[in-house]
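The listed protein sequences derive, respectively, from chains V and E. When you line the first sequence up against my numbering, it's residues 1 to 453, in that order. When you line the second sequence up against my numbering, it's residues 1 to 1068, in that order.
It should be emphasised that the hints constitute simulated quantities derived from the structure, not laboratory data. Take these hints with a grain of salt, some might be off.
Unchecked claim - What the simulated footprint calls covered on chain E by chain V, stretch by stretch (three residues with Cβ under 8 angstroms from a Cβ of chain V suffice, anywhere in the stretch; the number is not a length):
1. 459 to 465
2. 622 to 635
3. 777 to 788
Ideal Cβ placement from N, Cα and C applies to all residues, glycine included.
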Amino acid sequence: MTRSHISRSFLILCFLSLVAGCESFLDEKPDKQQVIPSTLRDFQALLDDFSQLNDNDPAAGEVSTDDYYLEDATWASLSETERLQYTWSRENFFTSPYNDWATSYTPVYTANTVLEGLTKVAMTPANQDDWRNVKGQAHFIRGKSFLQVAILWAPAYTKGNATGAWGIPLRLSTDFEEKSRRSNLQESFDQVLSDLQQAAKLLPPTQVHPVRPSKAAAYALLARTHLYMGNYPAVAAYADSALQLHSSLLDFNSLSAEADFPFSQPNEEIIYRSIIPVPNALYISNARIDPELYASYQPGDLRHKLFFKSNGDGTYGFKGSYEGNANLFSGISTAELYLMKAEALAGQGDAAGAMDALNTLLVTRWETGTFLPLEAANAAEALEIIRQDRRRELLMRGIRWLDIKRLNASGAAITMSRSLEGRTYTLPPNDPRYALPIPEDVIRLSGMPQNPR
Amino acid sequence: MKKSILLLQLWCCLALTAVAQQPLTGLVRSATDKAPLPGASVVLKGTTTGTTTGEDGTFSFTPSLQSSTLVISFLGFKTREVPFSLPSREPLVIELEEDDHTLQTVQVVSTGYQDIPRERATGSFSTVSSAELQQQAGPDILSRLEAVANGLTVDRNTFGGGGLLLRGLSTIQGPKAPLIVVDNFPYEGDIRNINPNDVASVTLLKDAAAASIWGTRAGNGVIVITTKSGSFRQPLSVDFHAGMILTPEPDLSYIKQMSAGDFIDVERMLFGKGYYNSTINSSGRRVISPAVEILLKERKGELTPEQAGAQLAALRQEDVRQAYRRHMYQQGLQQQYSIGLRAGSDRYAWHFSAGYDKATDNLDSHSSRINAHLRQTVRLLPRLDLNTSLYYTQRLQKSGRTGYGEGTSANAPLYPYTRFLDEEGNPVPGVRDLRQSWKEAIEDDRLLDWNYYPLEDYRHDHTRTDLQDVTGQIGLDYRLPFGLEATARYQYQRQHSQAEHLQDEQSYAARHLVNLYTSLDPVTGTLTYAIPPGGILNRQQQQLEAHNARGQLTYTKAWGPHDLTALVGGEVRQNRSSGSSRRLYGYDDQTLSFAQVDYRNRYPTYVNGSTAQIPNGDGLNERLSRFVSLFGNAAYTFRQRYTASASARQDGSNLFGVAANDRWNPLWSVGAGWDLSTEPFYKVGFLPYLKLRATYGFSGNADLSRTAVTTMLYSFMSYYTQNTLAVYDQYANPDLQWEKSRMLNFGADFRLKGNRLTGSVEYYQKKGTDLFGRKLLESTAGIGSTIIKNVATMEGRGIDVELNSINLEAGAFTWSTDLNASFARDEVTEYYLSNLNGSSFVNTVPTISAVVGHPVYAIYSYKWAGLDPQTGDPRGFLDGEPSTDYAALTGSDVQVDDLQFHGSALPQWFGSLGNTFRYGPLSLTARLTYKLGYYFRRRSINYNNLYRNGDGHADYAGRWQQPGDEAHTDVPSQVYPANSRRDAFYQGSAALVEPGDHVRLAYITCSYELVPDGTGQLPFRRLQGYATLQNLGILWKATSQDIDPDYNLGSYTMPPARSFALGLKAFF
């Protein structure tokens, strides 16, 4: 063996010993907190990120409703986006990248991550409860998000227009490079229903906290979806299924009307907790409650005191968020279930059953001993009474916008109007502006058709 | 078993071999302290044949002639010529006289892996000597480099500015900072730990051939810092340095603050329009300003118009900058002391230094640093050296008073009329968090005082940061036969820091939180505290542990006209950083007692009963990075005239995932050098030395935070579900790669006759590929609007010139000049940026614009058509006509092509010029730095921000108010309600773009040196006193605005104050 051979062997040896240990040495993960989401625990941890999933419901719908109005000075002090939204502007008022569209689709990505990840996790007898729970939550989140988007960015649903109208993009995978495409309205709602039905099948009856959706929440959201779609038999059935799991009501007599915020969460009415982070336009001292709506609360109705705070000048602000602060509760409560059940029964002609459901709710809203059960001569009258109370009970929850859309679609002819600085703005029934403009950058990057304004 | 036999054979062979040649050997040392001079150049006269001295000052080489003359030169010493004849019986001992009169380039450059004689280097190295570094005062090494290093600039013009850039940008979205190496290994701790007095030299590795030995970390260049060490056969020498730096108060008038009178006028107008009504009525008790409180009292009839007017008039006289100047700022003082001792026997050499730095800054924040450094070399066997080094640093920092703009927020801005004291000298409460009049109206005296006193609060709100760093290195050098040398080194570094932020029970922050979470039972009237009264302690600990191990084999052989140096080696590194943070409520610093709080449930707050969780400050983190690298390089020189070099390196890490590691090809470089002046045909008498170099190669840039797969981070425990929640960290990027940087470098080194002018000129081209860039995403995807991928390429080119000249030598007087001049231009050549909306390119702080064909950071603007003569509205151009249609002017129809392109946001021409004058023992150096060829966007009034956040600007005073004003102002008229698009248009318009070109005087230093006459009367060898003026400000700038283009990023940014340093250095 020559010297050069020896030294070469020596070198190779040094190198080999170095390299041999490398593979496992380099396998260690760089950040202890950083993991590749792959286990049920990981998925649940993602689904528990309430700041993305529960604290980010879109405000655009509520800002556009007629439950409140703004004074000229307040309106002038708002951001451009809110000023334009308030007046149903034809301009594209969403600014990118942070807007209601983006925050509505963020939970969809999480849901898809979980649903894709679950295909690689086998369901075993040991993990099946968790497995089903996690999968159910993912379907619920995706269904809820799609429903929110459809209510804001697609026209109202009617049987007649559903296959002809533009729906929303349905993102069903985590491939973020994929270009969006608008489905038709029917496809959009089919997807919402399918996700929520899956969720209802998989979710457990109750969860540790209502930030996680339960079976009752899935039934309730199915009822809300069918209500929006005008399908009363399904509303009645789903509302009833939900009520069988969770029916307790808060006795409003037990709450302090003096408190700045009389409600708190969690409370026994909350089936699913999510909120709209309050935009400036809807802030208590800015959003003045429509005087007609305020006047419609009868003496003895505790909501009068518990929901409203006087501004000292004869106008009122809303303090009745179940969240217990200025943020607007936009989840699901048992009260909404009673109201949906009542409306669905009335819509199917069962006036007595309908009023029964309504009275069950209202007795908890009135001063003890003062409430006289309401009666309706016929189903049409029942429907009228129930819709009025629905508005009184569910204001500032992001629900009024969907109600106006669905009622107008079935001929209610609600025209909203605002006056500002001597100018009047109106939004006639079924105006194309009921489908909000999709953010410009999304249209540009995807090539999807924009909503006509 | 086979292995060990092999090894045994190897050892035997090596031990038996003896060296047959009889070379010329010798020792070069300093005439004054007999210290060996490592790295001195030993050259055969009239040739470039020669060598450099090793670490112990010795040299050995085989000259081509039997007798001739050696020319020995070394930085800071007078060049000597020594005749010799072979064979010589004894080694030559050559002593050099010290000579401070020239600042020549160092003859040996260090890559962190090896020392290369400059003559044989092909790559681009630039050296800063200790002497040059010592011309400036200041506690950290990097801040001294800007004014003296070649090709280096500090970016103060883009977001996240303040970082070093070597030869401009090499990346778009990746890390931009050069790698910093201290004594052979990357420095993982805080570089401010290093005491500049311990630094022997700094080498900048600028091109691929110089830097690619550092592989994937070298894409932005490398800064190699070498600390001082002792040498063999050296008598004890001691040096001592004491110095101080005085920094006067900063010039607050630089801040373009709106005047109190203007601010009150705006508030009065808004009040009249009802702008504040919703705030006034808010149940959240949102803050309103002192002026609006007065107006409100007037409206309610609590004050007569006269009283209100008088109170407002008093406020109009205030200027919060005066209050800060009077009560907060003071003169800063830094003291520096250091001592160094070194000595060496035949077999043992050591160096010990210790430093103590102490500073009190302009805001009375105290800091101190203690350094101790021990370096030893033991010659265990004639061929085996053991090197050890231990570097200890302890730093302490204590917070001081509150500076201008600190701790303000949109919630409670800094009102220009804020006072700290009233007429009677009582502290005035400042507006913070909640409405002041509401706080004052609280009658329940069981609550803690809710007032915030800006003048006092810092006494109760302290942050103290302690840091300790220990870096230990051990190395073995074994000189094997056949010119082989084996080196093994291991370094361990441990840095521990602890930050304690104590807000004691009297601090506003603690009182505020305690009060906020106090609830009042309306029935019983009892108070319940969710947070128990007491202080709040936030404690953060961070620990860093780095292991580095390296094995390296060097082969050096000279035979006939051939010289070969080659090295191969491998390296393993691991960095682990872990930290924890903890918050304690109800904390009492005297008894160390604290209380438990419930983070889980929501509690009603005192303000309006809305519920909230108690803020939680607990957390843990841990990061680990590991690298395995193999490297090698070789340089071959023929006839001391032609040099060829090559290097290669392969890295693997745990950060990128297997796919990226596998895909990674080695990074390599090649280079060639040609010493033209030794060619027989070379007859240029005035230019006795001329060398040409060319290199080409690749280095990489790794962003350690990116991953190939979707990852999430476990975060805090959800208060709802009591389950730890997770958030996304990185989104899947299967194509993730390391950024590659390709560089081509041409250089020429030259020396004029008599060393009148020495220097180098280099030209380089670089191309970055697979660069991280932001790719736009549809927000429908649910992960935001952009994602970072390897999508971009960019090209850069530039010129670096380094010149040192001796302009005049007349007796005891010398005048010398050194110039660093650089040109660097970058250009994006490929980018997946589908968003070309003009509005994204006119941000106040330049963000990456990345338009193909333009610089990475560029300044664009909306074309400016002046103010509307009738209304004072800012106007742009729409279809060539002046327009005020702001929706269209700033809308998506305006693409980047429609904008005015001004130029780069980073200086393209930069450098420094130093002049040194000496007269005997007296010397004076003045250094200018300059930055040219770039633009910046200045700030101005934004009415929307003014109304909404109280964020004003002095430009308001010069706004358009009546027709005719447009002739002398570009500041738009005031409108209400604010039109944010109008503001955005003005903000992005050409009216606010200014040229950044400027020249500043970095420092002037003057020193006097006392050298004893040899009669032994004085106890020292040399004594030097110096005085330095630093940060002398701008000498010339292109913009007519009163703005320092380097200090324009934030609205509170101020240029550093001039400082004055004095000191004494003694050498024994």
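May I ask which of the numbered hints given earlier this structure violates, with the numbers listed in increasing order? 1
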